[in-house]
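J.: Starting from the known structure of chain Y, arrange chains B, A and H with the ligands on it as the hints suggest.
Residue numbers (the numbering used here), protein chains in the order written: chain Y, 35 to 383; chain B, 35 to 383; chain A, 8 to 636; chain H, 8 to 636.
Hints should not be assumed to be uniformly reliable.
Claimed, not checked - Below, simulated DSS-like cross-link-like pairs (lysine-lysine); rule was C-alpha separation at most 27 Å, straight line: (1) K12/H / K117/H; (2) K365/Y / K426/A; (3) K365/B / K117/H; (4) K194/Y / K174/H; (5) K194/B / K137/A; (6) K365/B / K426/H; (7) K365/Y / K259/A.
To be clear, the hints were calculated from the coordinates, so they are not data collected in a lab.
Each chain is listed here by its residues.
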Amino acid sequence: MTYIKPNFRHPRLPTNALGYTVSDYDGAISTLCAGCGHDSISAAIRNACFLSSIQPHRIAKLSGIGCSSKMPTYFLGKSHGFNSVHGRMPSVATGASVANRDLKYIGVSGDGDTASIGMGQFIHLIRRNVNMTYIVANNGCYGLTKGQDSATTDLGSVSKIGYANPFDGIDLASLALLQGASFVARSFSGDKEQLEPLIRGAMAHRGFAFIDVVSPCVTFANHVGSTRSYAATRENLDAMPLDCVPMREEIRTQYEAGTTQAVTLHDGSVIHLHKTGKDYRIDDRSEAMMALQSAKAEGRILTGLMFLDPNSQDLHQTLDLATKPLNELSKDELCPGSRVLDSVNQGLR
Amino acid sequence: MTYIKPNFRHPRLPTNALGYTVSDYDGAISTLCAGCGHDSISAAIRNACFLSSIQPHRIAKLSGIGCSSKMPTYFLGKSHGFNSVHGRMPSVATGASVANRDLKYIGVSGDGDTASIGMGQFIHLIRRNVNMTYIVANNGCYGLTKGQDSATTDLGSVSKIGYANPFDGIDLASLALLQGASFVARSFSGDKEQLEPLIRGAMAHRGFAFIDVVSPCVTFANHVGSTRSYAATRENLDAMPLDCVPMREEIRTQYEAGTTQAVTLHDGSVIHLHKTGKDYRIDDRSEAMMALQSAKAEGRILTGLMFLDPNSQDLHQTLDLATKPLNELSKDELCPGSRVLDSVNQGLR
Amino acid sequence: MKQIKGVNDFVVKFANVNGTGSASANHLFAKAIFRMGIPVSPRNIFPSNIQGLPTWYEVRVSSKGYLGRRGGVDLMVCVNAQTMEQDVASVEPGGYFVYDSTKPLAEHLKRDDITYFGIPLTEMCMREFKEQRLQQLLKNVVYIGALAALLNIRFPILKDLLSDQFKGKEKLISPNVQALEMGYQFATENFTCPLPIRLQQGGDVAPHILESEHILMNGNTAAALGAIYGGATVAAWYPITPSTSVVDAFAKYAERMRIDPGTGKKNFAIIQAEDELAAMGMVVGAGWNGARAFTATSGPGLSLMSEFLGLAYFAEVPVVLVDVQRSGPSTGMPTRSQQSDVLAAAYASHGDTKHILLFPATPRECFDMTVQAFDLAERFQTPVIMMSDLDLGMNDWMSPPLEWDDSYEMDRGKVLDAKALDATETWGRYLDVDGDGICYRTLPGAHPDKGAFFTRGSSKDEMAVYSERGEDYVQNVDRLLRKFETAKAHVPKPKPHPPVKVKRPKKTGRLGALFFGTSASPAYEAVEMLAEEGYSINTLRIRAFPFHQSLDEFIHEHDKIYVIEQNRDGQMRQLIMNECQIGPEKLTSVLNYSGTPITARTIAAQIRDDLKAKPAKSAKTAARRQETA
Amino acid sequence: MKQIKGVNDFVVKFANVNGTGSASANHLFAKAIFRMGIPVSPRNIFPSNIQGLPTWYEVRVSSKGYLGRRGGVDLMVCVNAQTMEQDVASVEPGGYFVYDSTKPLAEHLKRDDITYFGIPLTEMCMREFKEQRLQQLLKNVVYIGALAALLNIRFPILKDLLSDQFKGKEKLISPNVQALEMGYQFATENFTCPLPIRLQQGGDVAPHILESEHILMNGNTAAALGAIYGGATVAAWYPITPSTSVVDAFAKYAERMRIDPGTGKKNFAIIQAEDELAAMGMVVGAGWNGARAFTATSGPGLSLMSEFLGLAYFAEVPVVLVDVQRSGPSTGMPTRSQQSDVLAAAYASHGDTKHILLFPATPRECFDMTVQAFDLAERFQTPVIMMSDLDLGMNDWMSPPLEWDDSYEMDRGKVLDAKALDATETWGRYLDVDGDGICYRTLPGAHPDKGAFFTRGSSKDEMAVYSERGEDYVQNVDRLLRKFETAKAHVPKPKPHPPVKVKRPKKTGRLGALFFGTSASPAYEAVEMLAEEGYSINTLRIRAFPFHQSLDEFIHEHDKIYVIEQNRDGQMRQLIMNECQIGPEKLTSVLNYSGTPITARTIAAQIRDDLKAKPAKSAKTAARRQETA
Ligand SMILES: Cc1ncc(C[n+]2csc(CCOP(=O)(O)OP(=O)(O)O)c2C)c(N)n1
Ligand SMILES: Cc1ncc(C[n+]2csc(CCOP(=O)(O)OP(=O)(O)O)c2C)c(N)n1
Ligand code: SF4
Ligand code: SF4
Ligand SMILES: [Mg+2]
Ligand SMILES: [Mg+2]
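Looking at chain Y on its own, in the form it has when it is part of the complex (with noise of 0.2 Å):
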């Protein structure tokens, strides 16, 4: 495809497990504003998933409206992508995981396309636990329409135009734990060092991994008075460091015992949270909810994995999906044919 990359591969370029570079992950050009969050998360993306050794054509990447919404195209060149309407792509990567339950989703999102125009399908997600990974971009405003605040934005935070906002902004990583979410976590763009890992531990989680990036926009949310720009995020992140180690890769780092708190996912990948003393049991709700509304409370940004319940049933469970992806099932599998029928009319007269 002409808007992938050309990728030359480099002889001493490093591979991973499947033998892929990390540019056989690489998408198109960018072609949002130089500085946006949003490339960040794209890079941080790619690296996960190179590094996780995911084969970039069984992971299927979807997303709604926005600048956010864009990224998409930015990563994963072989991966086949679906750019679908304003704030319905939850909808969209629902039908397309029940219909190949062997592809992994990637969902990316804006705060606009999920708190705002999103928020009912964002919800109904949560509550039937599809199996993806849902990454909001979160930048509290509009980006694509020039910058108008949106659900997420914090209340008293000045827009580029100068009006503060007299609503309060929807807390997206509390409403996910509240709706029973399996996976609840949130970052920053400029965080690789977390970021990676969390989304490397999304993509191996078994369920609804939502993670909540913090992305500025440089264009209209990055001046004094913006509570989400690059300055005012760095100063008040209190940033909780994880490690993960998907599965069939053994432990390199050596970590000082009760420094870390260790999860195994379902997959059998393991993800180590150092402990911080703003730490708490990964597992459970309340803990992290009361972490989550102290920190907004103290105007503090808590990132880091909130919740984790690595057993939790996915939709393909809930719907006793057969193993055989629908999308393979043959016409013999389908259709019961014309003696089936015949006992359908005889049960009609």
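T.: Using the frame of chain Y, we list chains B, A and H with the ligands on its own:
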């Protein structure tokens, strides 16, 4: 209007402060199933408005679509009503409210109308703190379409056709709390003593007042196995009783010291909460959230007033609206006239 | 007093209160007649309410096999005090009126041109049955028993049907049989049975019905079976009358026919969405991912789906939608029928969009066309909307049995798998390689490094690269038009009907009639009625949009054409003018939009009036005689 | 080489990268020409992106006062390396090409039939300015300075404009002025100025323009002012290009003109909704409650609003919607213009629905028609949709000044207040007392015990009581049709244009042209071009739907009519055939749907080709010459 019960005013019928009898608050004869919980809610609304001496014609009734949304026809026949479209009443109520800040607004909805198709609008209605009373007649099913599960149906609750619901039910009261609702309550259509004062309090509250009312569907969700049947509800009920004394009314009953918690509403009305042991400080969101969550965990239905912020800023304040209702402004107040237009032209040359 | 006579030819109507179990009893009545091999067509006219409001059930018996509504009532069974006045009034002179005589009939309800049969239903049931619920339910069965005597229904058939109905709940059989007998006995003892209108098994009945072993089924069930046989694996929906039973039936059959033998797991997914936007979104997602997916809805849902329909059209994703139409606009009359979503469906969504529509007229076609809808959707990579309606979808229709050709292969359309991709030199998602406007698509996950592309609702070039260049946009939307042209030859062709013999034909110029869906049966009947009067009218039944050229030909071969449809604005007529470039003077609307299915009498009357009123040539709408019962 | 000549008559186009501040500099250029009293029409052709993609700005100068696009480019200013190749190619033979010569021009970009002017913009700015942002921004100002010399723009005017522009940020004035002078000086020193194409103040200019004191404004701002003057108090919206600036402007003016003098509080409410469904819901709620409310959106929003539009139609609630059309279907080309929502708007929602549409062609009409929209919406208790488009809404148009008659009184329609209610004997919400299909409504809270009723989207009788009776339904929807008929006499009439003199008229039969909105200006120009060639074409500009009967008359008075519009499917033509009962052979489409506004040349070419190709009578679409620049 032919559809209003011809109300023959019995000479000895008691009247309220405005001289209205309770029958002045009647609506048309209900066409709901005999025994439907919704009819009890209609009666409670009628009584609450009568007892609080609210002029019936100064109330506007709004609803979506569903058996529950038919309710407004069955109370307050002297009030205008708007039976809008399925799940979108919140937006209609928002528009109506800003158009005329002087009326009182009652929104009646169902769990399907609010938690399924209406989820997005519901959350944004809360966020805007629209000054209204919003009642969900929550029967955990779609009554009007013959009994499908709704998004509030409890996990494992068995539907009439015998399937156990595999999804976790959305707890609307917790959601309202998290999203910052200024008045959050839950009740049971069968508990008149609690429901009436709650509605009176809600009507007196300035801002968004939410009441989630368990209201059994006798036709599709009153069987054994349904967690919303009359029997199941009565069995699991933890009711926190209360009284509401509207403004300008002296407190008749004397409460023994320490047995009640009194909250004064913005308009001077006072709500008395009777201590039960299970209760907590009414102005503490997180305590309320904990109470709801733990009750849910124990399979109990906690009812009563969960949270109240009497001094929240409603949408009229947020928008800094003039005191005169927008729909009453005259041409002179609205139209700047030709001189101003000339200066506008000047600025465009 | 002259009483209405007729063997195997009359209309019976039941007036009940909904939620009292009348529907199943009345259905028992219709089914019994069906089992006697006599053409019957029942119609349930129910309120948008669960309990306590008036509901009617109309059963037409027609030896000729007319399945549309005739109009008028010959025998009324009224067990609803609320509506008794209008029910009495609606009986044809010389007709019959059966009622619950527990309370005496009010004076003002007495007509001297109809015959009354009072049966003390309540009293009888109070006497014979203890349980309150039974007392209510069995009232209905008692009058069925009485009708068995009055109309000559074979009693054993009724009994068989009861035992079928109560399989599993056997202890309910005896009280029901008892109730039947009570009614039967009361009638034989108190009335002269049978009536001049009656049933006669083996009496003269249209051959085409006797021959094939007909079944009795509703269109929604048939559509659901079509989805099963068409290979649908994903159904996403949101409940709405009258479409709900499509997915209910799909679930029922899927649980039987789609369980993986090895694991016992499901080879299908049914998701009750949070609303119609989501339902359509799920179908789009599944279709994009290569599964056959569908949804079912009605008017309000169609409106809510329009943004997604536009996406599917422009991004070229297969989608199947079953629109079971009801009376609009807005919430309208949710339990009344109409054909009023034609324009909204054909042009759903903003911008230049057109969608493929199918118009089934029988349950059999609901089945066949649903299967075909999946083939067409994947072949043309676009939404296909099957336009059913409440009358067809929720009522039981006598129909030839469903047939299935086991050699059927799904047409998955132009999809390149890994092998094909390796064989292809240069591939572009929107390259019109074959010149038919249809391009080759690929499915996610198919190939490690070929065929990946970005699907979007925005403009792109032939290589699927985002583009705002005018040339790329024009080239793309012109191709979409070309694709739509190609579809004309693949969708179901319009069906002509053997012309009706006319004895002394009147001079009228060449007359034609166009119609679709549930307007067909009454239209054929009306055409035969008019033939008796010397009017010769050729007919063509439209079965799909875009229109096949034979429609143009038909129009050109006639001087005046009646377009018979069930909406206010003559939507199909408009669609024909738009797409076939036909002048208005040729097309005259024959309309009924009262919510109750159009009747042969209404159609005949409107055409007759129009033909008499000269010059009628360019009248848009023939005199409107609305049948509103 | 022959160079293009022309005083006050040429097309200049700028090729830039978006997000580099070029728009304001280019606007400076257009505004300066406007201040010189010379007819000018600028067009911003920008991408759906915030920074880094190609963007163009086209400025047409026309002494005759043609404001539509002419087609072609006489002078190109290219400061975007990405597009230089296509930009060079797009210049007319004999034209001029200005570029940044900091890097030498590549060989393959050299044409021998155009004149090049290299200006080392980057180099000059690097040298003169320190700040990086300034270095980028002022590049644009430098080339404006050069153009001042090349095209003879009055320098003082540019300076004045700069100081207006930077009111408040005075320290920015001097570097800007310096940049202007740098460019001016460079041009005078290195090129022979002015060019054969040039400006000349007081040169011959169409009188109608010199006379009235024109203003330069865009349609969205005008619509916003219309909402202010029309008394709108509630604006609920969801951001979407190209409609966003309607509400932005409304907010700006409301903050100035709608503050309660006493309290300093607001006499208006603006709510940014969570999506378009909610935006329309809020408008419906406010309209129901007696406030004048509106929303603005574009295609995708229109699709999402269709359910609510159906409710407003059937429940009879006043609603005003400004649809600023962009290129569909689906997301389409968000920053490109089209007139492709005509059918979607006219018949929005399922069931039998029709909506009143207004078609403004100038900012002045955007203002007037928005005011009128509120009167019509309240008079007819129904949605009124003003169909603007990106070209009209977001570009600056020269227009006669806005005018206001202070004697204007809002038409609040048939609303009964408490007094009126007391005076009324029997009132029914849906009683057609006056026979015009419009009934009397009441507002919530008006009267203690009269006039309360239940508004609903379901069927009702004349007393607003829920009803499923066919008679009630038919009576109600027939009245809605009657109401729509009544509207025909109240909506803006179509406008004829004084016929153009034709010297040696060709034999063609009576030719007519129909068009609306932004197709008007280029259509008039094309008609004059064709007049030169001997083709005489009468014109009528459609301004509203439902159509006034004068449209029918115009069609009947002509043998062949061209319907000029900017969509693929000839939607207005279809609407005319549906509603006016006009045969297709008479109406020939002239279309452009490339996303860039239709040009006079395209129109003339399509008509010319069609007239030459005999027999052209019934061709649906004239030969398509798409202007795709
Ligand atoms: C139905 C619909 N309404 C409105 C729009 C216009 N629109 C495009 S993107 C966007 C908001 C984007 O905000 P967000 O999701 O936060 O993404 P960001 O650009 O900030 O990354 C809007 C309102 C649209 N494309 N579709
Ligand atoms: C857009 C739309 N979709 C679907 C429907 C069909 N419908 C009517 S009521 C209803 C659900 C009602 O459930 P709930 O809100 O819980 O009310 P209840 O009847 O249970 O009181 C549905 C799906 C509709 N009227 N409109
Ligand atoms: S506008 Fe903001 S969000 Fe959009 S690309 Fe630019 S920086 Fe990123
Ligand atoms: S169906 Fe259920 S909810 Fe509806 S009226 Fe009957 S009992 Fe009430
Ligand atoms: Mg954003
Ligand atoms: Mg419910």
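J.: Looking back at the numbered hints, which does the structure fail to meet, lowest number first?
T.: Hint check: 3 fails alone, others pass.
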